[in-house]
Structure formats: C-alpha cells, structure tokens
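Please build the complete structure, drawing on both the sequences and the hints.
So the protein sequences, as listed, match chains A and B.
Just so you know, we're using our numbering here: the first sequence kicks off at 322 and counts up by one.
Just so you know, we're using our numbering here: the second sequence kicks off at 3 and counts up by one.
Calculated directly from the structure, the hints in this document are not laboratory data.
Ideal Cβ placement from N, Cα and C applies to all residues, glycine included.
Check each hint, because a few of them may be wrong.
To be verified - Reference listing, derived: stretches of chain B covered by chain A, where coverage requires no fewer than 3 residues with Cβ under 8 Å from a Cβ of chain A: (1) 132-141; (2) 184-194.
Stated by the list, open to error - Taking beta-carbon pairs under 7 Å as the criterion, some of the chain A residues facing chain B (in silico): (3) L346; (4) Y358; (5) A389; (6) Q420.
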Amino acid sequence: MTDEMADGPGYAIADDGSFTAPLNLAYPYSRTVGPIYGAFLTGLANHKVGATVSADGTVFVPPAEFHASTGERLDNWVDVANEGEVVSWSWEADPDDSQPLNRPFAWVLVRLDGADTAMLHALDVTDTSSVRTGMRVRVRWAADAEPGIHAIACFEPVEIAGGGPS
Amino acid sequence: MREVAVVSTAHSAVAATTETPIETLIPVIDAALVAAGLERRQVDFWCHGSCDYLVGQPFSFVSAVDALGAWPPIVESHVEMDGAWALYEAWLKIQTGEADTAVIFGNGKSSVANMFRVMALQLDPYVEAPLGPDQIALAGLQARVALDAGVITERDMAEVAARSRRDAVGNPAALVSGEVSVDDLLAGDKVRDPLRHHDIPVMGDGVTAVVIAADDAARSLTARPAWIRAIDHRIDAQRIGGRDLIGVPSAVAAAARCGLGAGRIDVAEIHAPFTHEELLVTRALGLDAGATRINPSGGALVSNVLMAAGLARIARAAESILDGSADRVLGHATQGPCLQQNLVCVMEGACWVPCVVPSSVSARPTTRVAGQTCPSPVWCGRLPIGRLRMRA
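Here's what the structure looks like:
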C-alpha cells in the first residue's frame, strides 16, 4: 500500500498498515406503504392523527394493521387528539442531522388523548429538568408538511395558564 | 425427541480488529472443533448467525463459508439473527434425523460503524426508524418505564454493572473488568439520562462457536455433555409504544414453554447488553438471584459482540455443565429493540437415558443400572436413573 493509494476522500492507513475507506450505505428506494399507513401518514400532512381500533376497543397510534395477539385485521378508524402525555423519555445530548431537532432534546413515548398505545418522537425541551413522565405535550406540526412521520416536527410542552409547563 | 447436547465451545472478542470476518472466524471454529475432537468432514450441519447490516454488504454472510471449507460439499444454513437462533435451527435439524453433529457460530464486527444507530434500523421503517433514534435512546425509554414503576432502581442497575465487571476478571473475552464500587458508579454522569456509562454495553468484534451433537455422538465427544432439555423462542409486537416493556411477555412465554420453574437453575447467562435488561429478564424468567448465579461470565454488558453475544450466553452456561460446576443451567438470548424477541435454552448435566459408555472413555462405568444413582458424577450428574425416561 503506497501513500498515493490512500489519497481518496476519507481514505486512511491505520497504525497496523491496513487501508481503510468509508462505506456510506443507503437504500434509497421508493415504497408503497399500504392503505393503513398511507391514510395515517397522509392524515398527518392535514394535521390529523388517525388511529385504528380493534374489536376489544384498543386504539392504536400509530395505527396497527393487525392486532399483534389475535391477528385481527384492523380497519376501523378514529381520529385522536394531537395532545397527550409523556409515558417515558430519554435524553439525546448530541443529536445529528438525521434526527428531528438539531439541539439536545428528549426522546419520548407519547400517549395521545384517546389512544391506548404510545408513539415515539422527539420533545423540544432545553434540558432534563424540563421533562418528566406524565407531562402534557402536544404536536408541533412541520411547516409545509408532506405526508410522512416528519409532518410532526416534534412535540412541545403544553403551557398551563399562569404557570410553566404542566 | 432426540437428546442433543452442547459438547464444546470457543470464543474470541476484541474491541476492534482489522481482520476480515473470515480471518476472525477460522481460529474460533478450529478451537471449538479441536475441543470436541471433531474434524470438519465429521460435521453434518453448519449454521451461522450474523447480520449483513453490520458489514454493510448484502449477502456478506455467504463469504463465511470460506471459513468452513465447502469442498467436499457441506450442508449449511444462515439466520439473519444472533447465533443463538442458529443454534435453535441446528437443534431442529438434528431432531429431523438429518444430522447428528452441528457447528453453530455467530460473529459480528461492531467496530466498523456506530452500531447503536445501525441496530435501531430494526424499528418500524415508516414511523420510528426515520426519526433516527439509536439503541441507547430506546434502552433509556425502557429503563425509565421500569424505574418510574419502581420495578428497578438506579442502584440495582449499578449493582449489575459492578458485579458484571467483577465477574469478568480473568475472562479473556471481556473488554472491561475490575473492581468498582456501586457508589462510584452512581456518582457518574447520566450520559444519556436515565443511563450512565456503566449501563451501556462495551462493543466488541469477535466470534462464538458451539458444537452440538445427538445421543451417543454427544457422549462419545465429551465426558459430560450439556444436554439441551428445552429450547424455545417467542416474539413481542415490534413497536415499543404498544407492548409491555416491563413484563417482557415473550420472555415469560418462552420460559413457561421450557418448564423453567420445574427446578433449580444453578447458572443463568442472560443476554442483556444494558443493565436494566438483565433485571427485567431475570424478573420475567422468575429467577431467584439468591439461588441462581446470574452471568458469571460478566455477560454482554462487558463484551457485546453483536450477533454472537446471545450464542455466547448459551455457550457460557453450557461450559458450567461441561466443567462439572453446575447441574442445571439456562442460556438466554434476545434480539430486536427493547427485548422484543427472547430465546430460552435449558441445559442439564444429568443423563436422561441409561447409556453404554463408549469404550474409548476409560475409567468410567460401562453400564448403569436403572434405579441406581449414577456412580460417576463426572459422567452424568446426580439424578437417579430410575426416575428418568428409558431409551425407546
């Protein structure tokens, strides 16, 4: 291995003499998402959060296509609120460009009002003292939202009149 | 059912290697075969567990056949899973009667990318994965649910880390080890609240290989095979917001189907890369930490070789049968986000079947009498044969 060979972008010679080069892998496919996810992701662009309901009354958000335990096909729809409560959270101290926010934020599981399951997303808070389990949060819609999970820019705390975040 | 046992194991793990996966595989597979006294041509079935996402190349697993030697033709298979699931397939293959011996191996090269991000690509591809969380974020969500519910404490988690590092002393496959106080660990920052550094696994590059064999083949290969008495795997729903993150229902179901509660477990090797996962799985399996030694190897927390760490748990548990230090053990493996899939493997040292000891094994009884305790604890453990199932 000569130094000239290690001249490309990101190329390097390791201490033990081995040649290393970057491999940036992506799967840039177009995919169809089917009637259930299609309706959900399109609804988000119209600022509606849709859910599927099983025979036992469980409301799934994001919608499930089938009940995981019974196999029941789920195609009864309801809309749920765009507000809910934090079921769990963990801190993202060093976000990167692929994540919903470019400053530290909390990953959250949010159970929207009317739903029985929780959805994963980001909560825009400045530090760990500003987030707690059970706090009220609402959807912040993306500007010019296109269908997809990124139509939700993130969640934000619901301010209670006369006080800080609930 | 055919009686199938683990007869030998081998491991390697380092923080980072520049070897190709094939170069890493060959010596470990050789070591497992040498320990079993088996030659490559005597292996009826090869089964491999790995993940192409780690290497970044579709069908990269096919090249692993170069480490086996494919001429004369061999019978081999691959699962896009931890090697523990390859062991399950090999066990099934032997049950069909098409093989008497099998080599199972799992390998992973975790050092080539941020595998915490790569593994999170297992999430739902439309509503979760596009948000870009990593495994640490997801683990933190699960840990906090359990912490909030009072099922575990941060001190419990630190005690798992301290015990794992202490037990890892002397284990050449451990990437971190040593004495550390729980209070010192708890004084550390929450680098990814609620998780501290010690709650997060140390990633490694390496291999685990296991040789299993059926019936008399197993008896001829080792003095005290680790007989697989039960093996089962179950799966929970994919999305983490829609399942019981504390109860881990698939682990409960797998344990029930393995009859885990039917007797004492001497050693349990739990595949728990994160500290809270060990606590949740121990709870789901109904293990009594007072009666059962948990993760005496140090576990995946101190050496997380992706796609091998689950198979390594079965191997480590089996080793305590092979060396005579335990009679009934458990190996557990998990895959998927937040303990989504769980495999339980129960192994025992005791022979169930009165057997003729091969003449090549000297100084051991040549026959045993039904109703009597086996005279040789080295050979078959301590259960009276008369209680046990007779050979059909």
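Against the structure, the hints come out as follows:
By the rule of at least three residues with a Cβ nearer than 8 Å to a Cβ of chain A, the coverage given for the segment 132-141 of chain B holds, with 8 such residues. With 3 residues bearing a CB less than 8 Å from a CB of chain A, the segment 184-194 of chain B meets the requirement of three and the coverage assertion stands. Checking L346 of chain A against chain B by beta carbon gives a least distance of about 5 Å; that is within 7 Å, so the hint holds. Proximity of Y358 of chain A to chain B holds as hinted, the smallest CB-CB distance being about 5 Å (cut-off 7 Å).
A cut of 7 Å between beta carbons decides the hint on A389 of chain A: the least distance to chain B is about 4 Å, and the hint holds. The beta carbon of Q420 of chain A comes within 4 Å of a beta carbon in chain B, closer than 7 Å, and the hint placing it at the interface holds.
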